[in-house]
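Listed below are the residues making up each chain.
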Amino acid sequence: MSITIEQRRQHRLMTIEKSLAKRHRKENGFRRMGLAAVITGMALVAILFISILMRGVPAFWQATMYMDVYFDPEIIQLEPKPERASGESLFEFEERFLQWETQAGQVNWQSLIDNALEEALGVEVEGPQLRDLRALVTSGERYALRDRFVEDPSLLGQTVELKMLASANVDVWIKGNIDRDLPDARQQLSAQTRAWADQLDASGVIRNAFSTSLFLNTDSRSSLASAGLAGAFMGSLFMMIIVIALSVPLGVSSAIYLEEFAPKNRLTDLIEININNLAAVPSIVFGLLGASIFIGYLRLPISAPLVGGLVLTLMTLPTIIIATRASLRSIPPSIRQAALGIGASRVQTVFHHVLPLALPGILTGSILGVAQALGETAPLLLIGMNAFVASVPATPLDQSTALPVQIYLWQGNELRNFFEARTSAAIIVLLGLMLSLNALAIWLRKKFETRW
Amino acid sequence: MKKHTLSVAVVAGLAVGVSSAAMARDTIQIAGSSTVLPFAGIVAEEFGNTYSQFNTPVVGSGGSSGGLRQFCQGVGENTIDIANASRSIRSGEVESCAENGVNEILEIQFGYDGIVFASRLDRGEFALTPEHVFKAAAAQLPQNGELVDNPYTRWSEIDSNLPDQEIVLVIPASNHGTREVFEEKVVHPGCDTVAEVEGDACNNLRGDGRIVEIAGDYTETLARLDAQEDAVGVFGLSFYDQNRDRLQVATVDGVTPSLETIGSGEYPVSRPLFFYVKGEHIDVIPGLAEYTEFFLNEMTSGYGSPLEDAGLIPMDENERSQALEQFESRTVVSVD
Chain A
1 MSITIEQRRQ HRLMTIEKSL AKRHRKENGF RRMGLAAVIT GMALVAILFI SILMRGVPAF
61 WQATMYMDVY FDPEIIQLEP KPERASGESL FEFEERFLQW ETQAGQVNWQ SLIDNALEEA
121 LGVEVEGPQL RDLRALVTSG ERYALRDRFV EDPSLLGQTV ELKMLASANV DVWIKGNIDR
181 DLPDARQQLS AQTRAWADQL DASGVIRNAF STSLFLNTDS RSSLASAGLA GAFMGSLFMM
241 IIVIALSVPL GVSSAIYLEE FAPKNRLTDL IEININNLAA VPSIVFGLLG ASIFIGYLRL
301 PISAPLVGGL VLTLMTLPTI IIATRASLRS IPPSIRQAAL GIGASRVQTV FHHVLPLALP
361 GILTGSILGV AQALGETAPL LLIGMNAFVA SVPATPLDQS TALPVQIYLW QGNELRNFFE
421 ARTSAAIIVL LGLMLSLNAL AIWLRKKFET RW
Chain B
1 MKKHTLSVAV VAGLAVGVSS AAMARDTIQI AGSSTVLPFA GIVAEEFGNT YSQFNTPVVG
61 SGGSSGGLRQ FCQGVGENTI DIANASRSIR SGEVESCAEN GVNEILEIQF GYDGIVFASR
121 LDRGEFALTP EHVFKAAAAQ LPQNGELVDN PYTRWSEIDS NLPDQEIVLV IPASNHGTRE
181 VFEEKVVHPG CDTVAEVEGD ACNNLRGDGR IVEIAGDYTE TLARLDAQED AVGVFGLSFY
241 DQNRDRLQVA TVDGVTPSLE TIGSGEYPVS RPLFFYVKGE HIDVIPGLAE YTEFFLNEMT
301 SGYGSPLEDA GLIPMDENER SQALEQFESR TVVSVD
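Which chain is which? The protein sequence lines are A and B, in order.
So for the first sequence, the numbering used here puts the first residue at 1; every next one is plus one.
So for the second sequence, the numbering used here puts the first residue at 1; every next one is plus one.
Hints in this document: simulated from the structure, not taken from any laboratory.
Honestly, I wouldn't trust all of these hints.
Computed footprint of chain A on chain B; a stretch qualifies when at least three of its residues, placed anywhere within it, have a C-beta under 8 Å from a C-beta of chain A [claimed, not checked]: (1) 25-32; (2) 81-92; (3) 131-142; (4) 272-284.
Cβ-to-Cβ under 10 Å is the rule here; a few derived chain B residues that face chain A [stated by the list, open to error]: (5) L37; (6) T50; (7) Y51; (8) Q53; (9) V58; (10) E99; (11) N103; (12) E104; (13) N203; (14) N204.
Away from chain A, derived, C-beta distances all over 10 Å, residues of chain B [said to hold, decoys possible]: (15) E45; (16) T56; (17) L169; (18) V194; (19) S238; (20) E317.
It should be emphasised that the depicted structure is a prediction, and the values quoted were computed from it without experimental measurement.
Ideal Cβ placement from N, Cα and C applies to all residues, glycine included.
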């Protein structure tokens, strides 16, 4: 019994066919798994973004009252705003001006708002009901009135239409973020205030206007509706300037030295290992370091963006060094050899030929490092940047918070109904900044990209 | 080379800027209790708005213990000026302050706060007594004359009038002053009803996951109640007040906590709130004395004030003038 060639061929074909089907199955299986992984990832990101957007976007619009405010001369009994007399020293004038400002502060601005509200509602309010009336407008508006008048005293006796923020709880009520059917005892606002709010809403006095206060104001605790991100934004800006000014030159120059000039020996190996390890150190450790060295030992001020910037610089340095070294290493040696071959010195080789080619990689690495620093929260909590700061920092030495810390603080605010949305809005702002930084990185890479 | 000189110049410039600024901080720096923080934040802001010559003080958190630890780190521009606390300073803290040169600790009491037990709106209503809470929280309880590990798993097992719910109690961790008040005003009186457990053993709470300690703020406690629906959380009255639409409050000894019942002392679980001013910093940091006096002003923290609206229980006229007098005479805290 002998096997013909034909039979052998048949047999071989069958084996191949069988294994081929198996191999195809495997390939398809892997492809499907990969696709499923990508889809799961995208779905999770989508859920995250959608939930943040759904909650946060409405907070960019806020219940705002458009009311005619009469600057009543009977309430505002003030001397005219002091002018600097000729021959008067600046100091004397400032003294006099401060006195006038203090007097202006003692004017009962709240009653101007009360009158405007009474006018808009068509009621006369007295006694305990005044409290219900005052619950309509956020308390910071009386200082806004004062500042407006101090700026422009000619308003006296005039009626001006002004935008005033409704109080946080009115915003919550109008937007339906609190269950309207809850009994009185569970509502934040009294029945009277709620009725008035609805009346003003119906008559168009309360409108849902774009919230400029979110961007122009600092954080607030006494006037929750006007809490904004301006202070935190400036704090973050100062920190990022410090991080860029310190970590990019330091990181890039040390990477160039290590990669192009330093001899390869045990010491540089040790340094390299240390830099890699440093990049893996949890950020909170840098916060502890900053608290003990910059604040405890160097006696720098607490809560200052300067200290925050220094701490974040330490954190960003290894990232930038590693990214820069990687992009220097990706430049083909032929470029260096060619430059050296026609007589360039090593410094010339690096700065004229290697560095320009490595620039896109360096820029991308630096920007991503800075973006990471922008979103960092943990180390800042340890150097006191999680404090409540109600003023915009003018210098990096003034107390301040940062954007991610502001998010953390708002999510901890007691008035959940209002701040849940506010927190998401702040997250959107931070994400927007991050995305634009990343877009900048991509654009720079594309712009400087060279092919050889 | 050029680059080098530039960066040296930048660093030198920074250093000069720093040293001159570090010498003259002109903003009051506050840290401490997260219960006091909302009140102090309001006062700070109003203070900044009222006095145009002073900066708005900066208010940090960290819990009463955290704040006092920072407070006691020493005297100087890089240490805080005021520590907020929801309990009075301990003698150990006064000593550690003294070791670091902080000798003039001025204690200012500015009002009261209630501690309430609250649960989710859609769960059963609680009418608690200290005894219930102790029996739910204790590590060991007597059974047939012997101390055994706490056998209770449901509230209804402790008292049939309580809801038939899993026992989960969310309490503040020991960095919070609220914890001390919780132990003093609830756990210890509850412990007294159980003769077999005495002294330090009263403070031993069960470790089987039914007691959840929260080191963060009350929003974290609230989040716990979302995750564990049966849980009962410990909150400040002001926090409960701002979240009345989600929480229901438990009565203690039959009294519902409110501004009135706490102010009159009828509701048993309340505590005075304090802040501590570093005497050494008065006249160095501008506005420190003015801030303190502004805080104690009737308009700021009295009846009908913004702090009352925020949930503070104001002191009466006597206590207020006494507190102010104590501050004006610069009476320092002494260890007894």
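Close enough to count: is the Cβ of B/E99 nearer than 10 Å to one in chain A?
With Cβ-Cβ at 16 Å, over 10 Å, it is violated.
Is the interface hint satisfied for B/N204? The criterion is a beta-carbon contact with chain A at less than 10 Å.
violated, 30 Å
Over 10 Å from every CB of chain A: does B/T56 meet that, or does the non-interface label fail?
violated, 4 Å
Hint check, B/Q53 versus chain A [nearest Cβ-Cβ separation less than 10 Å]
holds, 6 Å
Mind verifying the non-interface call on B/E45? Its CB should be farther than 10 Å from each CB in chain A.
Incorrect as stated: the minimum Cβ-Cβ distance to chain A is 5 Å, not above 10 Å.
Any Cβ of chain A at or closer than 10 Å to B/V194, or is the non-interface label fine?
About 35 Å separates B/V194 from the closest Cβ of chain A, which puts it past 10 Å; holds.
Go check the region 81-92 of chain B versus chain A for me, would you? Three or more residues, Cβ under 8 Å, otherwise it fails.
violated (count 0)
Please check whether the region 25-32 of chain B has three or more residues whose CB lies within less than 8 Å of a CB on chain A.
As far as the region 25-32 of chain B goes, the hint holds, because 5 residues have Cβ atoms under 8 Å from chain A.
Three residues or more, CB to CB closer than 8 Å: is that satisfied between the region 272-284 of chain B and chain A?
n = 0 at 8 Å, threshold three: violated.
Proposed interface contact between B/N203 and chain A, which counts if any beta carbon pair is under 10 Å
Violated, about 28 Å.
Grab the minimum C-beta distance from B/L37 to chain A and call the hint holds if it beats 10 Å, violated otherwise.
holds, 7 Å
Far enough from chain A: is every CB of that chain over 10 Å from the CB of B/L169?
Non-interface label stands for B/L169: nearest chain A Cβ at 21 Å, farther than 10 Å.
When the structure is compared with the earlier hints, violations turn up for hints 2, 3, 4, 10, 11, 12, 13, 14, 15, 16 and 19 and for no others.
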